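Protein chains in written order, with this note's numbering: chain A, 1 to 804; chain B, 805 to 1092; chain C, 1093 to 1247.
If you are wondering where the hints come from, they were derived from the structure by calculation, not from laboratory data. Quick caveat, the model's predicted, so the values are computed rather than measured. Accuracy of the hints is not assured; some may be wrong.
Claimed, not checked - DMTMM-like mimics (lysine to aspartate or glutamate), calculated; alpha carbons at most 25 Å apart, straight line:
(1) A:Lys-126 to C:Glu-1188
(2) A:Lys-714 to A:Glu-247
(3) A:Lys-714 to B:Asp-1065
(4) A:Lys-784 to B:Asp-1065
(5) B:Lys-1075 to A:Asp-191
(6) B:Lys-809 to A:Glu-131
Listed here are the chains, written in short residue letters.
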Amino acid sequence: MNVAEKKPRIIQPDSLIGKRIQKMDAPEKASGRTRYIHDINLSGQLHGKILRSGRIHALIKSIDTSAAKALPGVHVVITAADIPDQRPIGVAKDHFPLKVGRVRSERDEIAAVAAESEEIAEAALKLIKVEYEDLPVIGNPEDAIKPGAPLIHPEPHGADGTHLHLKQGTSIAHKGKPDNIAMRFDYAHGDVVQGEAASDVVVEDTFKLHYVTHCCMGVSGMIAEFDASGNVLMYSNTQVPFLHKREFAEYLNIDPARIRIIQPPIGGGFGSKLDIYPFEVICLYLARAARRPVKMLFTREEEFLASPTRQPVLLTLRSGCKKDGTLTFRQVHTLHDNGAYTSWGATTPFVMMQTFSSLYRVPHCDYHTAAVYTNNPYAGSFRGYGNLQATFAIEQHMDMLAEKIGMDPLEFRIKNAQDAGEVTGQGMSFKSCGFKDCITTAATRSDFSRKFKENAANRNKPGNIRRGIGMASMLHVGGGAKIYPSDGCGTILKMDDFANVTLITGASEIGQGSETVLSQLVCEELGLPISAVTVVNNDTAITPWDVGVHASRTTFIAGNSAIGAAKKAKAKILAVAAKKYEAAESDLDLRGGFVIQAATGEAIVELSKLLRNLHFQDKAELVMTTFYYEPPSVHQDKGFKGDVSAAYAWGTQVVEVEVDTDTGFVKLVKVTGAHDVGRVLNRLGIEGQIEGGVVMGQGYAFTEDLMIENGVMKNPNFRDYKLVTAPEIPEMDIAFIESMDGEGPQGAKGVGEAPAICMAAAAANAIANATGTRMFELPFTPEKVYRALHGQTPKLYWKPWKAE
Amino acid sequence: MTELKHYFAPTSLDQAVECLKDGDVTILAGGTDLTPQSQAGRVKIKHTLMNVRHIPQLSGITLEGREIRIGALATITEIMEHPLVKEHLPVLVEACDHFASDQIRNAGTIGGNICNASPAGDTLIPLLVLNASVELASMPEAKLYRHSMPLSTFFVGPGKTRKSLCELVTCVRIPVPAENHVARFYKHGTRPALDISTISIGVAGTLKDGVMSNVRVAFGAVAPTPVRASQTEQALEGQRLDAATIDKVAAVARDEVKPIDDVRATAWYRKEMIHNITKRILSHVAQA
Amino acid sequence: MSLKHDIEFTLNGVKRRVAVDVTMNTLAMLRDVIGLTGTKYGCGEGECGACTIQVDGASLNSCLMFAVDCDGRNVTTIEGLANDGRADALLDAFVEHGAVQCGFCTPGMVMQADHVLHKHPRPDEACVKRGIEGNLCRCTGYKKIVDAIVAADGA
C-alpha cells in the first residue's frame, strides 16, 4: 500500500460507448430464473377469464349467468349490468370494457369470471347463456364509407329498440357516432396542382397493406389486487405505466394516487402495450368484486383474437418528377381499417404524413386519410407506427419514377435526399442527417448498381430462378415525439458506500436493452464499470415520471435524463474531492472507480473511499441526484406542422431475393442495412435491435398474414399465422452511420422502430428487379407472387376519396 | 368435464388389445397430436386413456425378409436416423426431415402419424409410393389376431381410417425397393419444416433405360386423404421420360386432383403446383 | 373430479413422485403442480418451442406431452440444465452474443440448443438453424442465437 502511494497510479482513459456490452438481465433470463407475469402467483389468487361474443355484429338480447354463478369454485361472474359505473375506454372512448347492448367484433367482451382455477373459470364461461340478434356486418372499410352503410356506433339502443340513455358523458360510447369515420387527417404543404403541372412524369397506384399482429412470445396478462383500504396494486405489462395509472384510476373512479403499477419483465412489447385494453379493466373489476387478487392470462388463441393489430391500409399515391430527377409532388389518399373501436392505430397517420411529406425533398404534398369503423379486429400501435405502410408505397414509386425518366434508381434517390440543416415542408428540422451516407453505404456494400443492371438483363434467360435487388430508405423520429404536453423522463440516482449506483428511471425495460444502455451512459459520466449499476425501473411507487416506451424514444430521452442525473452526481463528488484534496474541480475527473487528476490520469482517491468519508462524518452527505429531461422539440400546429422530434433517424436497406417462377416462392437471400443511429452506444444491443427488426419486416413482407373474412379471424394460431423461423432468415450486413446528433445522449438517436420499416418496400423493388412484375399488395406469399407473375392479379385501384 | 375413468399403461401387446376390446379407449402414443387436441377440447378422451409407450412389440426398426418393419412407436427422429431406412428408403428420410420440428420429430410416432390420417401428413406420401402396408392387432376372441392392409386403402377421410376401435396399429411394413428403384418427395411450403404442406408429391417406380415402370404417384393436401393418383400413374407407366411425356403427365396430374381453397392456398394454386412440381420432379428423375 | 394418477420420475436429477390429473400436460405439471416456471407457455400447440424440455435425452415440447407419460422417465428442465453446470458454456454464449432480448423464448431455446449440440457436435450455421426451427423468437431475428449456439460448442 505504501509503495503504491509513492508511485502514482495512472488510470488510463476507457469508455463503454460503442462496445459490445452484455445485457444486464440476460443471465437471469437465459437460465429461466426471470419471473414474468405468467410466473407470479399471489396467495389467495383467483383466475379470471373472459367470455367473448364470437358474433361479429349483433345486439345482445339477454345474458344469463345463473348457471355459471352456481358452479362450485366460481367467486364472481360479471357482465356490464353488474358494473353500472363503467367508463368508456380507448383512444376515442368508444367502448366499454364489458360491452353494453351491442357487440361489434368477434373478440367483444360479454362477461367475465373469477374462479379458483383456470379450468373452473373456463367451465363457468361455457355455462353463460347469451342471446343475440345478428346485425349486418361491415367486413371492409370500403363498405363502411358507402352511403347508407350500417353504423357501427349508432346511438345506443337496447334490443327492444328503446334508447338506452346511458347516463353521463359525451363520448362515442355514450352518444354514438352518425357516420363510420373514426378519425381523419388532412395535411398539405405547397400546392400539388402546381407540382403536377411542373412534372414531366406522373405515376399513380393503389397499394394494399394487410393485417398483421405483434405475436409477443409472452401472452398478455395481468394481476390485480385491492388492499384493505381499497388501494390497487397491479402487475401489468404496460409500456406506459404513468399515463395508464391515471386512466385506470378514472375507470375505477378512484384517486390515481391509490394505484400502484409494478411491471414485471415482459415477454415482448413492440407497441402492443401502449393502450389499455378491456381485459385489464375487467381484471380490476373482478378483483374489486372478489376482494381477492385476480390473475388473468390469455391463451395464444385469445392473444390472436383479442390483441391489437397493425392497421390495414388502402392507399392511392400519385407522385411526379421532372426529367432531371427532381421530385415534384406527392398526393396521397388512404383508408384505414380502424376495426370496431379506436386505439392508437387510428393515429398512425401522424407518422405516415411525416414520411409522405419529408422522406426525400417533396416541394408539394397533399395527404388525406380516414380511419373507419368496421366489424374487424381493432388496430393498435405496432413498431413503425404507419411508417411501414407509407414507405411501402413511396419507395416503390421512387423506383417507378426513376425507371420512367431512365435514371438509375440510386442516383435518383441521392438527388432527392436531404442534407443536415434542411427543414421540410412539414417543419421537421434535420440537425443531424446521415441520409445520403445511408443510401450510398448500403448500395456500395451490396454492390447494388451492378447487380440491379445484371438482374434486369437476366430476366428472360432460361430457368426458373430470378435474382433481384431492391432498396428502400426510411425516416423516423429518433429523438422522442412531442405528442403529449411533455415528452420527458425523470431519473433519480443514488450512490452507496461502495460507489455503486442505483439508477431509478421512469423508462420501462421491454426487452430492448434500455437498462443496459442507461447504465452505460451513467458509467461513462461517473467512470465506473457497468457492474456498479443497479437499475430500478418497474414500480410507479418508486420511479419518477416518464411518458412511456414508444416512438423509439427511450435511449434518447431516458438516456439524456440519466446523463443529467449522473452529471449532477459527478459535480457533487468533484466538489467534495476538490475541497478535501485542495484541488480545482476543473482539474479533477472520475475514471476507473477513482477520482483522478484530469490532465495526467493520476489516481487521487478511490471513489468508494471518498463516498464512505462523506457518509461517516457528523455532517454526512449523500450523493443523491434527480434530473428531468424534456427534449427541445415542439408540438405540431393545427396543420400538423412543427419540429416534433429532437432528432430524426435515417436508414436504407437493400434486399436481395431469388424468385422461383414455378412456385412464386421468394427466398430472401441478403439484407444490407445502413442506419443513421447518431452514435452506437451498445454495439451488441443495437445489432440485436436491427436484426430483430429486419426479420420482423421480413415477416410483414413475406409470411405473416392475419386473415380476416367478414370479421372472422381464420388463423388465430402459429400454424397458419407464420412468423419467420430460424432457417428462413437472410444473411445480414448491417452498417452504422454515426452522425453524432448534438442533442442525443453521447450523440445517439433512437432506433427501435427503424429496422422493420424498409423491408417490404425494398423486397417489392427486388421482386420487380427480378421479374419485371410489381407487387402492390402484401404479403408476398408464394401464391400471391405466382398469381402476379402469371397475370392472375387484377390491377388494384382505389379511387381517391376523402371524408367530407 | 370428461368421462375419463381409467388410465392404463400396458406393458404387452396382449394387454393392450385386451383393453381395446370394448372400444371405449383413447390411444396415447407420442402425444404430439392428442395432447393439444384434447387440451383444446377438440378431441374428447374416452373412458380409458391407454398409453402404449411401454409395449415392446411396438418398437424397433428391423429387416424382416424383404421388408423393413417400422414399429408403430418409432419416432420420426428414429426413422430418419436409422441405417436401414437411410440405406433403402431415402425418400422417407427426406419426408421425415420436413416433418414439423426437431422437438415434434423426437416425440411423434409413425403409428400416430398414420392414425391421424391428415390429408397433409408428411410421412404418408412416401409411405404410399413405397407401397407400405399397415399391420393391425386386435383380440376378437381370446387370442391376439394380426392382419395387414395396404396403406393405400387405409385412409377414409380427414382423421378417419379403416382401423376399428378395437384395433391397434403395431407397425408398418415397407418392401425393400428393387434395383433401379427411384423415388422422390417434394413438400411445398414456405419453410423447410414446421409447415403444413400446401401440396406434397411423391413419385416412385423403376427407371430402366429411361423408361418408368411400376409407377406409384401420391399427392398430399389435394383431397380429404393422402391419395394415390391412378390416372397420373397410368400416364407415366411404361413411358420414356422425355419432355413430351413429362408435360403430358404433369397436365394429367393437374386435371386429376380436386383440391379445395383454404387458408393455405386456393384450389387453383394447388393445381398449378401439382402441375409444376410434378414436372420438376420428373425432369430431375430424367436427368439423374 | 378429474382422474388422478401417481407417477414417479426423475426431474433434474432428483427422483420424485407426484399425483397428476391424467389429462394434464407436462408443461402444466411443471409450472402449476411442481412450481418450476422456467419452462414457458407460448402456444400450447407445439408451434413455438418455448416449453421445450428434455426427456430421456431428447428435446420435446412439454405442452405436447401428457404428464402421466413422464412416468419412469428422466426429465430435465431449464432449471436442471442451468444448475448442474453442464450447460454453462451455452448459457454464457447466449449472454455474450446478445442472444437474449425479452428472454421469453430463451429457456426453451437453450434447452433445444443443448440438444442440438449433443446430437451435432461442432454444428455449422445451417445445422443450428434447422435445429431450432421449432423455436420462435420475436425479438432477435435469430442471428445472435445462432451465433451463440455455434460459438458455445467451440468454447
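- [ ] Could you tell me which of the hints above the structure violates, numbers in ascending order?
- [x] 1, 2, 5 and 6
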